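Here is what each chain is made of, one letter per residue.
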Amino acid sequence: MSEPQTATPPPRKAWRVPSYWPFVIPALIVVAGIIVFPWLFTIWMSMHEWKVGAPTTFVGLANYIRLPSDPRFVEAVGHTITYTLLSVILPVIFGTFAAVIFHQKFPFRGFLRGLFIMPMMATPVAVALVWTMMFHPQLGVLNYILSLFGLPAELWVFHPGSVIPSLVMVETWQWTPLVMLIVLGGLSAIPSEPYESARIDGANAWQMFRYITLPLITPFIFVASMIRMIDAVKSFDIIFAITQGGPGSASETINLYLYSVAFVYYDIGYGSAIAVVFFVLIVVLAAIMLYMRQRLHWNQTGGAA
Amino acid sequence: MRLRALLSNLGLALGVFIIVSPAILFFIWMASLSVKMEIDNASYPPVLIPAQFAWENYASVFNSNRFTTYFFNSLIVTGSATLLALLIGVPAGYGIARMQAHKSTIVVLIARITPGLSYLIPLFLLFQWVGLLGTLWPQIIIHLVVTVPIAIWIMIGYFETTPMELEEAAMIDGATRWQVFRHVALPIAKPGIAVAFILAIIFSWNNFVFGIVLASRGTRTLPVAVYNMISFDQLSWGPLAAAALIVTLPVLLLTVFAQRQIVAGLTDGAVKGG
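Protein chains in written order, with the working numbering: chain P, 1 to 305; chain B, 306 to 579.
Derived lysine to any residue pairs resembling SDA-like cross-links, with alpha carbons at most 25 Å apart:
| # | chain 1 | residue 1 | chain 2 | residue 2 |
| --- | --- | --- | --- | --- |
| 1 | B | Lys408 | P | Phe279 |
| 2 | P | Lys105 | B | Val325 |
| 3 | B | Lys408 | P | Phe37 |
| 4 | P | Lys105 | P | Trp173 |
| 5 | B | Lys408 | P | Leu281 |
| 6 | P | Lys51 | B | Trp434 |
| 7 | P | Lys51 | B | Gln433 |
| 8 | P | Lys105 | B | Ser326 |
| 9 | B | Lys408 | P | Tyr291 |
| 10 | B | Lys408 | P | Val284 |
The set of hints was computed from the structure by calculation and includes no laboratory data. Predicted model, so just to flag it, every value in this text is computed and none were measured.
Here chain B stands alone, though its shape is the one from the complex (with noise of 0.2 Å):
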């Protein structure tokens, strides 16, 4: 018996071996291409460690191709659309529970289903028209239509689960609705704003496909930056993997740090999605 309970151990050790090392050794081999000098990228075998690190890379990166400007773009265009759809989305999520108006989903729901390059066309030629091509608010609000939804769908699941009691007894107290929302209803669903918060982030700083047809030279964010960087200097891979390593860290780290949450607002709102 003691024999079948290790078995089953080793069963179970390997099998989390199996799931986990795809991920785990993907990003080790990322981390080991960024610290490699070019000689070491292309040596056969390859090599995991090298000999001499080459942090050049990651200096290379931070002095060159406007970086900075790049990185604060993303901080722009990702702040904004993330406050903004705070602002629009939990009021809106608190009305729509409140109201029970759940036909009015289909929306958030058409928007989860519709391609993100459906939006692009004719919101660039209203860009073109309007002639706010060349800053970055042509960016901001067509990341609103990735952040918006997110904001929306996921309060509207957490006001849901809040308790009515304690806004009706407000109410009888003669408190109005927006002192309700403002003082009751909203300091108790903090962690859903924390989970639309960070969910809404993420998918905004990972956001390619908006940011190669919107984003001029000056205009880019970091994943558009990262994507003209491979056809500039095809073979130069230390720099390249530094790049893109520093592009996703903050992602990662959020993942890391706040994965309760993600986890929480992914499986609450896919359940609710199907």
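Chain P extracted, bound-state conformation (with noise of 0.2 Å):
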């Protein structure tokens, strides 16, 4: 660290364009070694045939052409895009009527609100744990609970059919607090005056949340969106810890499909490759979305004009 140092003129008085290269270089240092080290080298291995303890050989895009000729990952696909579909659309809904409901007053809010973002900062394997005991068809609570109600029992986790929306719930009762968190932020920076003069206008509470409360807190709706989804794609442990991918491969999301085929199968060239396209699906979601809210955005001020 002190090298770096030495090699920039020494401090001076002229306070106005300091250095404060110093407080940086740490993190440049850290930063180059497990992050932009790891990404270099993943994309130069995934150009490699390389399976552990095997000697390496460059092969090019080779990696890259066998993608779409490979069903798992096809498969694998077609998984991660449903359960990030479902794993953003349901928390955010229901986090916003949460958010909705948390901006009212209330006793004891502040508890209750600790109470509802646990389930987010709870440790996921542990959680994943107990859940896999109440989707047990036999002895599981949710049957029971069903039955309470009249319903047949389910499969849950272990039925391919049910898997993903099993693990979406999961995912859902997880991460709807984040959604209710950002959404919140948004209600409370509303000022109160367009609800006064809309209550004087006669406007019932449901108009008033779709005209006036809806449009103002839609960019962070927005905003909690592209984080759920950035999220519910790299959805990991809570699938790996119930179903690792089960039954059969019904729940095989990329992630965990590229968990098997660099750590299980140690194929890492391919590995490489998947974790590449992985990270260029991601941000091309990302960018699918910021290009909407644009569009919208341009929509909404021309239909204003």
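Join the two chains into one complex using the hints; note that each chain is given alone, in its own frame.
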């Protein structure tokens, strides 16, 4: 850390443009080591036939070309998209609803908010373990609850058809609080005047929500959706701990397939190619969402003019 | 009119009940599973409060499976990764905020977007070559992937809101940049450091994916140890639930007691993250 410091000129009294580089250099070194280097190395590995314990050979883009014809990868992309779509929509709806509730005044609000955000902070593996027990077809409490309402028992995560919705239920339970916090931040920034004048005009609660609140919190809902999308695509702990991608490969997302390729089959080169494509996919999804927001925004202002 | 107010109050109470109950019921059920004997956990209809509490579930967790080792592993990994992150991230956040180097935050964003597994492949190979596997170092280092971006991100946001006037005054008085940072900026930033500290601890403590690849039998952290218990005794739910509760309890307590910091950190970071 001292070497780069001697390279820069000694501190001057000119405080207007001071050098803050020494503060940043340790972080630069760490970020270069644990974020930039792994990325460059991954790209390099992805262009090699590289299995642990075997000699490596340069294969160019062969690993990438292999991807579209790998049925397990294609299937994993489909699972990821379904899982992500549901895991964005449901938490955003429930989270917005929860934010509207928590924006009201009621006793023990702070304490209840603390309880409400617990699922998000709790250790995912520990939570997944208990959900697995609750999903148990014979002994699980969820089927008992269904039976109380006269509903037939479900196989939850033990059936290929219901495994993704069941996992999404856990994901929704876990991450609705984050959406709530973000939207709540948006709600607290809304002034009270529009509501007062709307009330004088005789608007009901739903109208006030639909025409005043919703447009004003839309940017926050968008940010929440964006973060939710990034996290849902990457979701690993819950899926891995509850189903390991099963039954069969019915809940295998790209992230879980990546794990298998890299750390079960030790096919490092192919795994790296998946990692790169996976990252590009996340960036593309984020870009699409940003593009959609821009268009929507443009339309709104265009319509208002 | 009074009826209407009553109805809207009832509606609000119902709304609060609906949104909070999934969280509360889950953790109550978790606690219930952890204090029941096999026979109660397997009974139908399910029992919430057993006639006889099975505290031995907790005793068996503490006594078995090198639980103490795993607990200290978690403590060392999370503690080191958090302290290192603050040591590196707080000055970096200060420097970036003062230089207004907003473009540099793209690296933090990339770190936020990248799946944890992507770091594991190259770093796993690196640790193998260097011969660090089998020690706690690989996990401490890779947890920095989580903790350093959190610390930098939160501290940038915090230092951007602290006033410059004091720092400028100190510099005119002849203080060096380091002195200004140490004696002016740092004391004001204490609440921000607390937020970064708490969030880094929680996300490092909860981390699972790094451990399943990098940890060997002796270097498992608690989440990995709990996961491994599943495969061993599939059907003894009591001790399993007890272990799960022990692992997540520190985080839950932190959530309740440091709620304000967590909320501030998450909403601030999140909103800026977009």
